[in-house]
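Following the hints, complete the assembly by docking chain B onto the known chain A.
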Amino acid sequence: MIISIKGHGEYMKLSEAITGNYYKVVEILHSDLVGKRMNALGLTSKTSIYIFHKKRNGTMIIKVRGTRLAIGKPIADGILVKEILHEEN
Amino acid sequence: MKKINVLVVGNPNCGKTTLFNALTGSKLKVANWPGVTVEKKEATIPYEDYELTLIDTPGIYSLTSYSIEEKVTRKALIEDEIDVVLNILDASSLERNLYLTLQLLEFGKPVVIALNMMDIISEQGMEIDLHRLPELLSNMPVVPVSATKKHGIDILLHAIVHHYEEQNSEISFHYSKDIEACIDKIEVMMSAHYPEHDFRRWHAIKLLEGDEDVSEEHPIPVHKTIPHSYETKMIEEKYQYIEMIVKEVLFHKERKSVITDHVDRFLTGTITGPLAFLAILCFVFLLTFSVGDFVKQGFEIVIEQFSNSVGFLLDAMHVHVLVKSLVVDGIIAGVGGILTFLPNIIILFIALAILEDSGYMSRVAYVMDAIMGKVGLSGKAFLPMILGFGCSVPAIMATRTLEQERDRKRTMFITPFMSCSAKLPIYVLFADMFFGKFATIAAFSMYVMGVLIAILVAFITHKCSKDKSINCLLIELPEYKKPNVRSIRIYVWGKVKDYLIKAGTTIFLASIIIWGVLNLGPSGFVDNPRDSFGAMIGHFMVPILKPAGLGMWEIGVALISGLSAKEVVVSSLHVLLSSGAQSEMAKTSIIMEAIQTNIPGFNWLNALSFMAFSLLYVPCAATVATIQKESKSWKFTAFVVLFQLGLAYLVSVLIYQLGSLIF
Chain A
5 MIISIKGHGE YMKLSEAITG NYYKVVEILH SDLVGKRMNA LGLTSKTSIY
55 IFHKKRNGTM IIKVRGTRLA IGKPIADGIL VKEILHEEN
Chain B
16 MKKINVLVVG NPNCGKTTLF NALTGSKLKV ANWPGVTVEK KEATIPYEDY
66 ELTLIDTPGI YSLTSYSIEE KVTRKALIED EIDVVLNILD ASSLERNLYL
116 TLQLLEFGKP VVIALNMMDI ISEQGMEIDL HRLPELLSNM PVVPVSATKK
166 HGIDILLHAI VHHYEEQNSE ISFHYSKDIE ACIDKIEVMM SAHYPEHDFR
216 RWHAIKLLEG DEDVSEEHPI PVHKTIPHSY ETKMIEEKYQ YIEMIVKEVL
266 FHKERKSVIT DHVDRFLTGT ITGPLAFLAI LCFVFLLTFS VGDFVKQGFE
316 IVIEQFSNSV GFLLDAMHVH VLVKSLVVDG IIAGVGGILT FLPNIIILFI
366 ALAILEDSGY MSRVAYVMDA IMGKVGLSGK AFLPMILGFG CSVPAIMATR
416 TLEQERDRKR TMFITPFMSC SAKLPIYVLF ADMFFGKFAT IAAFSMYVMG
466 VLIAILVAFI THKCSKDKSI NCLLIELPEY KKPNVRSIRI YVWGKVKDYL
516 IKAGTTIFLA SIIIWGVLNL GPSGFVDNPR DSFGAMIGHF MVPILKPAGL
566 GMWEIGVALI SGLSAKEVVV SSLHVLLSSG AQSEMAKTSI IMEAIQTNIP
616 GFNWLNALSF MAFSLLYVPC AATVATIQKE SKSWKFTAFV VLFQLGLAYL
666 VSVLIYQLGS LIF
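These protein sequence lines are chains A and B, in that order.
So in this note's numbering, the last spot in the first sequence is 93, and the numbers never skip.
So in this note's numbering, the last spot in the second sequence is 678, and the numbers never skip.
Warning: the hint list may mix true and false statements.
Okay, derived cross-link-like pairs now, EDC-like style, lysine to aspartate or glutamate, Cα gap no bigger than 16 Å in a straight line [unchecked claim]:
| id | chain 1 | residue 1 | chain 2 | residue 2 |
| --- | --- | --- | --- | --- |
| 1 | A | Lys-67 | B | Asp-213 |
| 2 | A | Lys-28 | B | Glu-491 |
| 3 | A | Lys-50 | B | Glu-258 |
| 4 | A | Lys-50 | B | Asp-276 |
| 5 | A | Lys-67 | B | Asp-276 |
What the hints contain is simulated information worked out from the structure, not anything from laboratory work.
This structure is a prediction, so every number in the text was calculated from the model and none was measured.
So that you can see chain A by itself, here it is in the shape it has in the complex (with noise of 0.2 Å):
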């Protein structure tokens, strides 16, 4: 699902992610402890993701800031994302 929100451009889950594409991170709406460990991890608004591997039960492997992260999905349902067509920094 894709929405479209002024300011914003569109956006979608991260969960919704293809692999093999490149999105960067609109909003992380995890206001809870998740949230601090993905900040932590490096995952903050603007920063760009690399969908590695996507398991049909929607656990994913992402590259972000040149590490490898395995996220549960629920994890990605909270990621806002955009889709881009290379890492940009």
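Only chain B this time, still in chain A's reference frame:
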């Protein structure tokens, strides 16, 4: 000699343990951090005119207070007298690692940076500008090292000493103007409230971030003057600064991590991932059982000969027959029986260490996440269960890799249901006696039953748990690397030492007690075990075991003695029922006859009930002790023991009663 206290801090997987080992050799002092189960390693080494005490901390990603590991490290920074912070960075993942570095620099203590894994950087064709990097990090010394090859160790030690003497603590990273203004304001408030306080800027930053621990300890009404939390913005600004650093110092970034990507396409692939995992598991099993058992046979011969020699020696010394029996039949039989499993355990731990050190372990969590998610556990919980097939003791220890206490306990709870190698002799004996040509299937069915019951119990505890929080996977998958022999040796030796200590203490004591129970009676030392206290206890158990089709005092005694170690169930039955037999073959038929004389009609159903009971009831003393040690809770341990006893009884009664109705 001047003393310098060095706190070693770094991300998980940055090679911290390897570097710590390279710096200190094996002069470790291992303890726990006060109040928590996190291991604290400390070592003192001389360098030039100094005595350096290096204190290891658990791997952390940031200096917040969200996990035990972070709290432990922060507490050490604030309260312990730390002179220099040694920050170890994984150069191959510089961007993420620098985040912790910026936080450490904010603290204001001298920081020395060890840039580890420089060999991986050059292998990947990347380069780091080592002149520019310190300039951007408050002029802290940056020393390239390779922990595995022991390169750069002396330079690093020299930098620590040198930096300690200079006491440089300038700040090169500043937040945006509005945040700096807030920090200034809070610093003024801090100096008014706490004029004697050190690390004022750091505390001000933490108060602005709304850090729970610091706010609790310093109840300054910060949010009256500063309306909203700046935490997210501060994190973003730190990462923006890091992005700038990486752009300035890291060259040929795009060539990164080709090998790991190729390997991961296979090892974490949708179809290949689980298959590869299964293959690796089979291989580990094969090694543990075939090679382990091969060495074990040699061990058994050595122990038998040792036992015989001690027997001869005691005879020659004309010691009392009671003393000889205690030493040979009690202590050597008991402790020796446990020591014979050392080869299996060493192999299992070497395999475990290789999987961990190479970086594969975290992939297992990813591969198994979907299945384990259904019973409310994260993929990581699968590993201890697998190890449980070998031995429950290392399996319970392996639950340490789980972050959450709740998951750790739930995994400890179900791990003993896996058939450990000590239960196999029980299955083999009873399957051979009562299942004829279906013996192998009967023995194997116990393995399947164990796994099914473990998963079922996990599922039920998940459904009953009040805590419905989704157990979500969030784990870093590090670069693959060649396992380091030194790290593996130190790790395995640590485990072996634990095991030997246990054999010398817990098992030693248990062996003496069991010997006593079978050799002493109301009238003193007895020749026949039938007059012993053991037999009395056994008789007491007959009516209890009857509904399970096992109403025979010898079985009761065998099961009780199995509490010391599951192998003892079989050896007790041998001692109790097959005395006088000439060969192994004769022993089996004598036992079978004795059982069928005592319980007429004892057939495969009774045998199945006995096997199921042996599979499920209270694990051996060593496992129970390990559960207590790892959970730090007698209450939890007692619950585990009672639950398993109850479940074993329930299942074996069900098998026997329902089976009797049907067949």
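How the hints compare with the structure:
Between the alpha carbons of A:Lys-67 and B:Asp-213 the distance comes to roughly 39 Å, so the proposed pair goes past 16 Å and is violated. Of the pairs offered as hints, the one joining A:Lys-28 and B:Glu-491 is violated, with about 19 Å between alpha carbons and a cut-off of 16 Å exceeded. In summary, the hint linking A:Lys-50 to B:Glu-258 is supported, as the alpha carbons are separated by about 12 Å, within the 16 Å threshold. At roughly 24 Å between alpha-carbon atoms, A:Lys-50 and B:Asp-276 are farther apart than 16 Å, so this suggested pair is violated.
Restraint check: the Cα-Cα separation between A:Lys-67 and B:Asp-276 comes to about 11 Å, which is no more than 16 Å; the hinted pair holds.
Comparing the model with each earlier hint shows violations of hints 1, 2 and 4; every other hint is respected.
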